[in-house]
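**Student:** Below, each chain spelled out in residue letters.
Number of protein chains: 2
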Amino acid sequence: MKYGIAYFPNKKIQDEVNSYRKRYDSHYALIPPHLTLKDAFEADDETIKILVPELKKIANETEPFSITINKVSTFAPISNTIYLKVNPSQELQTLYDKLHSGKFSNEAVHPFVPHITLAQDLVDQEYSDVFGSLKMKRFDLADEVDRFQLLYQLDNNSWTVYETFVFGKEFI
Amino acid sequence: MKYGIAYFPNKKIQDEVNSYRKRYDSHYALIPPHLTLKDAFEADDETIKILVPELKKIANETEPFSITINKVSTFAPISNTIYLKVNPSQELQTLYDKLHSGKFSNEAVHPFVPHITLAQDLVDQEYSDVFGSLKMKRFDLADEVDRFQLLYQLDNNSWTVYETFVFGKEFI
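If you read the protein sequences in the order shown, they are chains A and B. For the record, in the first sequence the residue sitting at position 119 is 119 according to full-length UniProt numbering, with numbers rising by one throughout. For the record, in the second sequence the residue sitting at position 52 is 52 according to full-length UniProt numbering, with numbers rising by one throughout.
This is chain A alone, in the form it adopts within the complex:
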């Protein structure tokens, strides 16, 4: 089964992000707006039984921290993805590093670029129009991260939450 780890930002951010995703994100119906902390990875039931206590441990070691968002950015020319750029922070990087070391396959394919996707799989012309209009826009969004979620993927490519890990609140 395919699993992933993500953070769902607060409702205000999700609602704003969805106002763009609805029109521009091919994955709109597959998962709520999210910040990916670990890309999709293959794991069987036995592996998950080992990883869950590890995720609890990581959650218990982590203090709630703030994230801020001020602008959009893009993965072009690698892909036509447009996203809200989450300002990098040491706390976010530390959490990401813990989810890519020890019992977790530490093959982080690319450096961590914290982001919340607004648009993907657009044709070039639409991509240029949307990015052109969003790149000048100033955002002023903030959130307090106090948890993350382990999800698995269904056959239709949508994601279901398996378990939530709340910082400092897990029983091991």
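Please note: incorrect hints may appear among the correct ones.
No distinction is drawn between identical chains; accordingly, a pair holds when it is met within one copy or between any pair of copies.
As the list claims (entries may be wrong) - Calculated pairs, DMTMM-like style, for lysine to aspartate or glutamate (alpha carbon to alpha carbon, straight line, at most 25 Å):
1) 38 x 129
2) 38 x 121
3) 22 x 140
4) 12 x 44
5) 71 x 124
6) 22 x 155
If you're looking for bench data, these hints aren't it; they were derived computationally from the structure.
Dock chain B against the given chain A, drawing on the hints supplied.
**Tutor:** Below, chain B without anything else, positioned relative to chain A:
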């Protein structure tokens, strides 16, 4: 904000359910296949802070239990909803009762009919066709319930998981 409490069945059941929902359920993109344990209710942040420890307590008091599914049923003529009927059990009823008493508004509007929706908002002719073909079908599905999820609703009516409560594993 609107909250609800649900159980997501295992991937096998979800995949089977989605094969119907994709064509017949107007809520297909809004939430994964689920068994509703508490209908949508309004709550502010303060209330949720009180309810979360209560949900942990209920989860800790509950032992994992099995559910089985053998056939579809319908809410007609009240609504054209077609669902997988989850065979009633004392464990399921007890959990439902705990989520509708004490600190929880105990206004259960209708008796608890455990179900996983396959189809809703169909026009009458389509409803008759789909129910006609499904009502003779025998299902042989089973699952082990060991958790439930507290979700909140976004402005686009989709649902995001706020927290998971695993039976016997919550730290209070």
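**Student:** Next, verify each hint and record whether it holds.
**Tutor:** Do the hints match the structure? See the list:
1. 38 x 129: neither (30 Å within a copy, 44 Å between copies)
2. 38 x 121: within (21 Å within a copy, 37 Å between copies)
3. 22 x 140: The answer is within: 21 Å in one copy meets 25 Å, while 37 Å across copies does not.
4. 12 x 44: Between copies, since 14 Å is at most 25 Å while 35 Å is not.
5. 71 x 124: Classified as within: same-chain Cα gap 21 Å, cross-chain 48 Å, threshold 25 Å.
6. 22 x 155: Both ways: residue 22 and residue 155 sit 22 Å apart in one copy and 12 Å across, limit 25 Å.
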